[in-house]
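Asks: Chains A and B, in that order, are what the protein sequence lines are.
Residue numbering for the first sequence follows our numbering, starting at 1 and increasing by one per position.
Residue numbering for the second sequence follows our numbering, starting at 1 and increasing by one per position.
Honestly, I wouldn't trust all of these hints.
[Claimed, not checked] Which bits of chain A does chain B cover? Going by a derived footprint, with three or more residues having C-beta under 8 Å, they are:
{"no.": "1", "region": "12-20"}
{"no.": "2", "region": "132-139"}
[Unchecked claim] If you want the ones that stay clear, here's a sample from chain B, every Cβ over 10 Å from chain A, calculated:
{"no.": "3", "residue": "L44"}
{"no.": "4", "residue": "P48"}
{"no.": "5", "residue": "I189"}
Don't read these hints as lab results, they were simulated from the structure.
The structure presented is a predicted model; accordingly, all values stated were derived computationally and were not measured.
Ideal Cβ placement from N, Cα and C applies to all residues, glycine included.
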Amino acid sequence: MQHKYASPKFFYTLAGQLTPWAATITTLLLVTGLYLALFIAPADYQQGESYRIMFIHVPAAWMSMFIYMMMAGAGAVALVWNVKLAEIFASNCAPIGASFTLLTLATGSLWGKPMWGTWWAWDARLTSELILFFLYIGYMALQASIDDPRRAARAAAILALVGVVNIPVIHFSVEWWNTLHQPASVSKIGAPSIHPSMLAPLLLMSLAFTFYFFTVALMRMRNEILERERHTTWVARVLDPES
Amino acid sequence: MPKLLKAVGCLLHRDLTVALRRSTDILTPLIFFVIVVSLFPLGLGPEPSVLKTIAPGVIWVAALLATMLSLNRLFANDHADGTLEQMALSPHPLTVLVLTKVTAHWMLTGLPLVLISPLLAIQMFLPESAIGTLTLSLLLGTPVLSLLGAVGAALTLGLRGSGVLLSLLVLPLYTPVLIFGAGAVAGVIADIDVEAHFSLLGAFLALALAFAPWAAAAALRVSLD
Chain A
1 MQHKYASPKF FYTLAGQLTP WAATITTLLL VTGLYLALFI APADYQQGES YRIMFIHVPA
61 AWMSMFIYMM MAGAGAVALV WNVKLAEIFA SNCAPIGASF TLLTLATGSL WGKPMWGTWW
121 AWDARLTSEL ILFFLYIGYM ALQASIDDPR RAARAAAILA LVGVVNIPVI HFSVEWWNTL
181 HQPASVSKIG APSIHPSMLA PLLLMSLAFT FYFFTVALMR MRNEILERER HTTWVARVLD
241 PES
Chain B
1 MPKLLKAVGC LLHRDLTVAL RRSTDILTPL IFFVIVVSLF PLGLGPEPSV LKTIAPGVIW
61 VAALLATMLS LNRLFANDHA DGTLEQMALS PHPLTVLVLT KVTAHWMLTG LPLVLISPLL
121 AIQMFLPESA IGTLTLSLLL GTPVLSLLGA VGAALTLGLR GSGVLLSLLV LPLYTPVLIF
181 GAGAVAGVIA DIDVEAHFSL LGAFLALALA FAPWAAAAAL RVSLD
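Working from the sequences, and respecting the hints, build out all of it.
Replies: So this is what it looks like as structure tokens:
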């Protein structure tokens, strides 16, 4: 079954129309979110100004996991129903997800320096984020080493599904390991409740990151569609309208 | 059903025979395991108290690496001479055949690691009470390593640079087994109750037994396309 919306040619045009809208929403959300986060939200009574890195760190961490779920979900759709578009979406999720994971690790490290006094602590969440990063790298490496894009997509989808079953197990294991080994000197940052003046920018930033993800995914998918369908006449017409 | 059992028996017999004819294949990961563990005292100094603290982690990481090195030959030879395609074409479910192959692989790499581990434990000054725990944790953990590794081996079958790629895919998935396997041994040394560690290792084994052959069979079908 090849639905109209799932045909690469149709999607290429649709994505081209959606991209400017998604980009505009991303910019608006990002500007509002950053303004609220950096100027309006009050300084933390314990951490002072340096807690503001949270407005990047926490949404990036959410995105890193959200994108992996999207990737595995799209991979499952591609495997079961053989939808080309889902394959293209899944394979283009990986670099974006890996970037968000790296951003989480980098900001976590920058946040750790003033708070914990060290660039890196084997904190449970940081460690599972590091392993998530390794999973993304493995996914991309597997995909890069298979030449046939359809075979690559199917192999990578299986790996993503195995990974998705494993992520909760890994997370739980690391947390257990951490409570056994970590001395109590590392204080847990962030009280369970959060003031609305801090919650609003946090949610806005998460939305901004989500829209950023969709914008970049649409752009990447358009590129890959052109590359995959480069032997068809419609792509020739797109690339060289005069011919 | 009896036909399937017979096929499983034949395959197990065949895999074991082929491997035993080429006994260096079995010995190499085992010797690798021993060498890696023996390098640590050379790098860290022979202080028994230091070695005792790091021993659970060192032995477990070495077991992880040794298993990983042996994964290549799980499907590679059968893929090269076409046997694997015949298996995929046979009327028997590929999942069961994969499980059989993994069992043979574990008997030839996992089990020897388990059997030699008490020797390494003595070498690393593990207290006697912890030696049994180490062997038992490896006994529960190494089948999980073989099962998860089979998925990685099936995915990277016939790819260029598949050895390094395989480690990239498989090692992050091994972390829970490492945590609870090494954790059980360290727990016994620290006089903590380790029943939970063993329960969880057993749970991982059950989970891997249920899902890994299925995923590996799906991956094989993709690789054989």
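Asks: Taking 8 Å as the C-beta cutoff, is the stated coverage of the region 132-139 of chain A by chain B satisfied by three or more residues?
Replies: holds (count 4)
Asks: Please settle this one: B/I189 was flagged as non-interface, so is its CB more than 10 Å from every CB on chain A?
Replies: holds, 13 Å
Asks: Would B/P48 pass as off the interface with chain A, using Cβ distances and a cut of 10 Å?
Replies: Non-interface label stands for B/P48: nearest chain A Cβ at 22 Å, farther than 10 Å.
Asks: Taking 8 Å as the C-beta cutoff, is the stated coverage of the region 12-20 of chain A by chain B satisfied by three or more residues?
Replies: The restraint on the region 12-20 of chain A is violated, since only 0 of its residues have a Cβ under 8 Å from chain B and three are required.
Asks: Hey, is B/L44 genuinely clear of chain A, shortest beta carbon separation above 10 Å?
Replies: The claim stands: B/L44 keeps its Cβ more than 10 Å from every Cβ of chain A (closest is about 19 Å).
Hint check: a violation occurs at hint 1 only; the rest are consistent with the structure.
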